[in-house]
Each structure stands twice: as structure tokens, then as C-alpha cells.
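A.B. asks: Spelled out, the chains give:
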Amino acid sequence: MSMRETKISVRNLHKRLGPRQVLRGIDLEITEGQSLVVIGASGSGKSVMLKCMIGLMKADKGSVIVDGRNIARHSESDRRFMTKQSGMLFQGSALFDSLRIWENVAFRLLHAEKSSRKAAQKKALECLAQVGLAPEVGNLMPSELSGGMQKRVSLARAIASDPQILFFDEPTTGLDPIMADVINNLIVERVKALGATAISITHDMASARKIADEIAMLYQGRIIWRGKPDEIENSNNPMVEQFVNGRAEGPITMAVTRA
Amino acid sequence: MNLFAATGRLTLDALRETGRISGFASQGAMAWFTGPFYWRAFYAALIRIGFTSLPVVGLTAIFTGAALALNIYDGSLRFNAETFLPQILSVSIVRELGPVLAALMVAGRASSAMAAEIGTMRVTEQIDAMSTLAVNPFKYLIAPRILATTLTLPILVLIADIIGIYGGYLVSVYALDFGGPVYIQNISEFLETRDIVTGLVKAGVFGFLISVMGCYYGYTSSGGAQGVGAATRTAVVAAAVVVLAANYLLTSLFVQV
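If you're matching them up, the sequences are chains A and B in order.
For the first sequence, our numbering begins at 1 and goes up steadily by one.
For the second sequence, our numbering begins at 260 and goes up steadily by one.
Bear in mind the hints are in silico, worked out from the structure with no lab data behind them.
A portion of the hints provided could be inaccurate.
Stated by the list, open to error - Taking lysine to any residue pairs in the SDA-like style, the calculated list, with each CA pair at most 25 Å apart, reads:
1. A:Lys-228 <-> A:Glu-241
2. A:Lys-84 <-> B:Met-289
3. A:Lys-51 <-> B:Gln-485
4. A:Lys-84 <-> B:Arg-279
5. A:Lys-51 <-> B:Ile-306
6. A:Lys-58 <-> B:Ile-280
7. A:Lys-114 <-> B:Phe-301
8. A:Lys-51 <-> A:Thr-173
9. A:Lys-114 <-> B:Ala-300
10. A:Lys-51 <-> B:Gly-486
11. A:Lys-61 <-> A:Pro-19
12. A:Lys-114 <-> B:Ile-306
13. A:Lys-51 <-> B:Phe-301
14. A:Lys-122 <-> B:Pro-295
15. A:Lys-58 <-> B:Arg-275
16. A:Lys-58 <-> B:Ser-285
17. A:Lys-122 <-> B:Trp-298
18. A:Lys-58 <-> B:Arg-279
19. A:Lys-118 <-> B:Ala-303
20. A:Lys-58 <-> B:Met-289
21. A:Lys-84 <-> B:Asp-387
22. A:Lys-61 <-> B:Asp-387
Stated by the list, open to error - Computed spacing ranges between beta-carbons, pair by pair:
23. B:Leu-269 <-> A:Lys-192: 56 to 62 Å
24. B:Arg-268 <-> A:Lys-192: 40 to 46 Å
25. A:Leu-99 <-> B:Pro-440: 50 to 56 Å
Virtual Cβ for every residue (Gly too), placed ideally from N, Cα, C.
Whole structure, please, built from the sequences with the hints as guidance.
C.D. replies: Shown next as C-alpha cells:
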């Protein structure tokens, strides 16, 4: 593992949204094939960091270097370079509600890679099977599925083009503990099967422990701690301890309003 | 002092918004020429915007044509010019009422629907998801809708023209004792190609503007259900106002005084 190359390297990333300085210099190295989970309180900047990494948002300052290429300049070709090799599971699943399930899963194949509908459907049903969904589900509409099923479909859609990098935005939010564990298992299984590098953000510690090779904690727009999942109990960092144990009292005080 | 600052800020905001909408519109139009073009999305938009607007546009046209016939008759009686009813009615409908009323109906139907649909996709991260799946939302969502509306509105207006004149015909012949053949003959001898074509050109421009407003406010919406509601409202109002303003500008270009 240690011999592997760095896949993504984030350096001194800054981002301001309106009056709020969300990211204040993030530094992260992610090795190829590693699963990194970034934990942090709501509003700590996790989502913004993820969006800057995948190219949905342009950072104000700093760089995101993927395979030696800085994509933080956010040019058309940077974004294409990134989307070509990555997939993302969105917090609310973000399925296209006007399309059938299989068309959702095959969306990239149908519209970006110009596969035939037949081949795309075949691949979509394969991906659905990989996340434990029967082929009949393929013909349903997203609104006919429960939240947990939608998450599975969204995962199937993210892996449909065999990405090398996978992003997970709060993969277990809004799910019951059992379904959350199912999704966690699927994530671990699929990431392993693809040999992909995975970056997840979550505030669910159970999920973080399960899917992470390493955990990093984001606080006030900076990474304040990083280590293995079994080291997190003895981090000797008061902020990490407070977060892991879920206490209202401690060095982290929650802002009631934004900014 | 504050009054000046407020006026300046308002003016700058308005200019900035106009600039953003223009940029959005040109980006949407440019997307037609740089592939890929999503034919399925385009056909779906044609049906949704054009075909399903037919009933409401037809109803608007027939009632307006009928009421217009009565008004023109009553007004022109005062100087004994009622025999010119067919000519006045047809030129009013073809040059002005057909394009404007059809555009306003489509603005109400289509730009609100676009703003709501695209806005919901924005706040539920479907547009972001589309980007991560290597599909440009501008090409998949915006370009087909703008093109479909720009192409279908002239067709809708042509149909509205015919139905509107027919509405006038019904009233003229059955209530005002005009001869049917004379009514038709007067119109066909009087109307020039120019009258109809300028109306259709207007319609094309209106279609473009309506869809740009619907798409722009949807695409830039934020903040959940309330944001989408606000985007929808703004889109309809903006579309209607822009159509009416553009109508005056285009008319003043076409009518050389």
C-alpha cells in the first residue's frame, strides 16, 4: 500500500462563499486505491471541499492535483479530465426523476459515450445487480423507490463507467441504521472491486469506521487531524474526541446561524 | 447621498442581471452548434412546449378574434367604416394579437414549467449529478428547450392567426350579417405576405426570449422549494415583460414611419 503513488493531492485550497470563508487552506494527500473519509460537523466545509475536488466548484486559491495534473483552474478540459475518471454518489441520491431507473444508471453511457440503448441497458442491469437490485427495478421511476433503494441506484450510476475515483457525499444520511450498513458494505465492496480511490465525507462515525482506510477531520476549513480508524479513539485531540463522542460541550461550538 | 447610492446599486444590479442573462442566452444558443445535440430531449421539448400548448392558444385566439370583431364593428360604425372590419381584424390579429397573445400564453405555460423543472433539478443536485456523468447540462437541458420554443412558437402563432380570423368570421357572419365569401375574399386580397411574416418573425424572437427566461431562472435558482417557487414566479413575469417590450421594439423596426 505504501508503495503506491499519490492519486490526488490537495494543496492550500481556499474557497469563499458570499461572506463566509469556507475553506482556509486544505492539504490532503490520497494514495491510489485508498479510501479516505473526511469527517466534520455540519457547515465545516466538507461538501464545498468535495465539490472543488470533483470540479463542480472553482476554488479561489490552491490546487487539486490528480495524476499530476492541476484541475483547480477549472477549465473545460480540466473538468472533462476529472469527470471522465470519476463518479459521485450524491447526498440526496440526485436521480433524474423524469427517467427510468435503468436510464438513470446508464445515463453516461447513453448520453456521453453514445452506447446503443441495448448495450447501455445491459450494463445498467449488471450494475443494478451489483448493488443488489433485481432487473425489474430497472423499469421503475425513481419516485417509486424508497430512500435506501434510491441510494443503491445512485451508487450503481456512479460505478457504471468503472471510475478510478469515487466521491461519496454523506452516503448514509437519511437512512435507517440497517440500510446505512447495507450501503456501507456495498461501498466497501464496490470500491474494492473497482480498485478505485475513494473520498467520502460524512458525520456518521459508524459509516466512517466501516469504509475508511484513513480518517481526516475537517474543522473551520482546515484538516486538523488524520489517522487510521482505530487510532481515532486515542487521538489526543480535543476536537476529534468531542466529535467522535458526540458531545455538545467542548472546543467545537456550533454556530447557530451561517457565517 | 444614500438615495444616489441606492439608485446606483439598483442600476448596476439590473445591468449585471441583464449581462448574465445575455451570457446565458448566448451560451444556450452556442450549444446548438457545438455537438452533441440531444435529439430525444429536443423532441420531448417540441411536444411539451408546442403541441400541448395548442388548446390554450386556440381558445385564446378564437375568443379574442370574436370579441375583436364586435369591437371593431362598434367602433368603425361611428364613421361608417364597418365594411372594413375583415381587413382591420385580420391585420390586427396577424401583426399584433396573434404573436403577443400566443407568446403570453406560452410564457405562462412553458417558462414557468421550465423554471420549476430545471430549478428542482438544481436544488436536488440533479444538474450537478449530470455534470459528474460527463453530460453538459447546457446541451442536455437548456439548448433543446430554447431551440424547441423558438421553432414552435411561429407555428403556434400561424395557427392562432387562422383560428383568430375564424373567430372574427363566426361573429361577422352569424351576428353581424357579413357575407362569408366576401369576408374571406376581403382578407385574402388585403393581407400582404409582409404582415404575416413579420408576425412570425416576432413569434420566433418571443419564443427564444420566453425559453431563455424560463431556463435562466430555473438554472440559477437556489434554496429549496421556496427558491424554486420564486424562480418560477420571476421567470413568468420576466418572460411576459420581455415579450411586450420586444414586441414594441420589433414593431417599430418593421413599421417604417
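A.B. asks: All hints, please: hold or fail.
C.D. replies: The hints, checked one at a time:
1. For the suggested pair Lys-228 (chain A) and Glu-241 (chain A), the alpha carbons sit about 14 Å apart, so the restraint of at most 25 Å is met.
2. Of the supplied pair hints, the one linking Lys-84 (chain A) and Met-289 (chain B) holds, its CA atoms being roughly 23 Å apart against a limit of 25 Å.
3. At roughly 24 Å between alpha-carbon atoms, Lys-51 (chain A) and Gln-485 (chain B) fall within 25 Å of each other, so this suggested pair holds.
4. Distance restraint check for Lys-84 (chain A) and Arg-279 (chain B): the Cα-Cα separation of roughly 29 Å exceeds the 25 Å cut-off, and the hinted pair is therefore not satisfied.
5. With a C-alpha separation of about 35 Å, the suggested pairing of Lys-51 (chain A) with Ile-306 (chain B) is violated against the 25 Å cut-off.
6. For the hint linking Lys-58 (chain A) to Ile-280 (chain B), the alpha-carbon distance of about 21 Å falls within 25 Å, and the restraint holds.
7. Distance restraint check for Lys-114 (chain A) and Phe-301 (chain B): the Cα-Cα separation of roughly 17 Å lies within the 25 Å cut-off, and the hinted pair is therefore satisfied.
8. Taken as a hint, the Lys-51 (chain A) and Thr-173 (chain A) pair is honoured in the structure, with Cα atoms around 18 Å apart against an allowance of 25 Å.
9. Restraint check: the Cα-Cα separation between Lys-114 (chain A) and Ala-300 (chain B) comes to about 15 Å, which is no more than 25 Å; the hinted pair holds.
10. The straight-line distance between the Cα atoms of Lys-51 (chain A) and Gly-486 (chain B) is roughly 21 Å, inside the 25 Å bound, and the hint therefore holds.
11. Taken as a hint, the Lys-61 (chain A) and Pro-19 (chain A) pair is honoured in the structure, with Cα atoms around 16 Å apart against an allowance of 25 Å.
12. Distance check on the hinted pair: Lys-114 (chain A) and Ile-306 (chain B) sit about 24 Å apart at the alpha-carbon level, within 25 Å; holds.
13. Pair hint Lys-51 (chain A) plus Phe-301 (chain B) does not hold up; C-alpha atoms about 30 Å apart against a cutoff of 25 Å.
14. Between Lys-122 (chain A) and Pro-295 (chain B) the CA atoms are separated by roughly 23 Å; this keeps the pair inside 25 Å, and the hint holds.
15. For the proposed pair Lys-58 (chain A) and Arg-275 (chain B), the alpha carbon gap of about 21 Å is at most 25 Å, so the pair holds.
16. A threshold of 25 Å between alpha carbons decides the hint, and for Lys-58 (chain A) with Ser-285 (chain B) the separation of about 22 Å falls inside it, so the pair holds.
17. For the hint linking Lys-122 (chain A) to Trp-298 (chain B), the alpha-carbon distance of about 22 Å falls within 25 Å, and the restraint holds.
18. Distance hint between Lys-58 (chain A) and Arg-279 (chain B) is fulfilled; the C-alpha atoms sit about 18 Å from each other, no more than 25 Å.
19. Proposed proximity of Lys-118 (chain A) and Ala-303 (chain B) is supported: the alpha carbons are some 21 Å apart, at most 25 Å.
20. Distance restraint check for Lys-58 (chain A) and Met-289 (chain B): the Cα-Cα separation of roughly 23 Å lies within the 25 Å cut-off, and the hinted pair is therefore satisfied.
21. Straight-line distance between C-alpha atoms of Lys-84 (chain A) and Asp-387 (chain B) comes to about 15 Å, which keeps the hinted pair within the 25 Å bound.
22. At roughly 22 Å between alpha-carbon atoms, Lys-61 (chain A) and Asp-387 (chain B) fall within 25 Å of each other, so this suggested pair holds.
23. At roughly 57 Å, the beta carbons of Leu-269 (chain B) and Lys-192 (chain A) sit within the given window of 56 to 62 Å.
24. Between Arg-268 (chain B) and Lys-192 (chain A) the beta carbons are some 56 Å apart, a value that contradicts the proposed interval 40 to 46 Å.
25. At about 54 Å, the beta-carbon gap between Leu-99 (chain A) and Pro-440 (chain B) stays in the expected band of 50 to 56 Å.
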